Amino acid sequence: MALMEIENITKVYESDGVETHALCGVSFAIDKGEFVAIMGPSGSGKSTLLHVLGFLDRHTDGVYRFENKTMDEYSSDEIALVRNEKMGFIFQAFNLLARVSVYENVTLPLLYSRISKKEWHNRVEHAIDAVGLSHRSQFHTSKLSGGEKQRVAIARALVLDPEVIFADEPTGNLDSVSGKAVMTILDEVNRKQGTTIILITHETVTAAFAHRVITMKDGHVEHDRRVGKDGEKREYKK
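One rule links them: number in the working numbering = place in the sequence shown (from 1) + 922.
Label-pair distances were calculated between CB atoms; the ranges are: (1) ASP1051 with CYS946: 39 to 47 Å; (2) ARG1113 with HIS1145: 20 to 28 Å; (3) LEU978 with ARG1148: 23 to 31 Å; (4) THR942 with SER1035: 32 to 40 Å; (5) SER997 with HIS1145: 33 to 41 Å; (6) HIS943 with TRP1042: 38 to 46 Å; (7) THR942 with GLU995: 21 to 29 Å; (8) HIS1048 with ASP953: 20 to 28 Å; (9) GLU941 with TRP1042: 40 to 48 Å.
Honestly, the hints are just simulated from the structure, not real lab data. Being a predicted model, the structure only gives us computed values, none of them experimental. We treat Cβ as the ideally placed atom computed from N, Cα and C, and that holds for glycine.
Hey, can you work out the whole structure from these sequences and the hints?
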């Protein structure tokens, strides 16, 4: 079942009368539980695509359906609710509060949710444990390594049990060992919890964790391939 589907999506930015076409008629569907990597060079449109899929920006033309409802059918309040409760975000720069604890950082999304405060502690503890940082729960994030900070960001994304996690270059600021550890956690979240993962990356070693790779070039989908159990890549069939 498709969690999200886009049809002929375009995104045009205008500055000083000059138009830049970031997305040009992009179409595909992503099913619940998929682990999809979106690759491409700088300027290919992959980050713009993530912003559209994550309700962070509106497309210029085309149709975007999330849970079988077009973006235009969502009110502003509903968009904010979906983005907070059904979508989790992980960014290259971590975006953590430095002077508060790991526990407090992971709690933040709950402040804007409809979840009862009685559930908060268990949810936060579970999310922190899932990324292997229970022993760092009361540490300020400024005291953590880069790999640990990204794991806190993953826990924060997990705490509301979202339908989908968007990971924008999550290993970009990490060494290879920390990067592999972060990707292993995302792989486990996908396999054990069935959470849909949409990964933006330019690194082939990072994209190798995905089961499907969409390659962008100049705002277009150049390739859409699924990785089989034997490691062989083949064209993806909807």
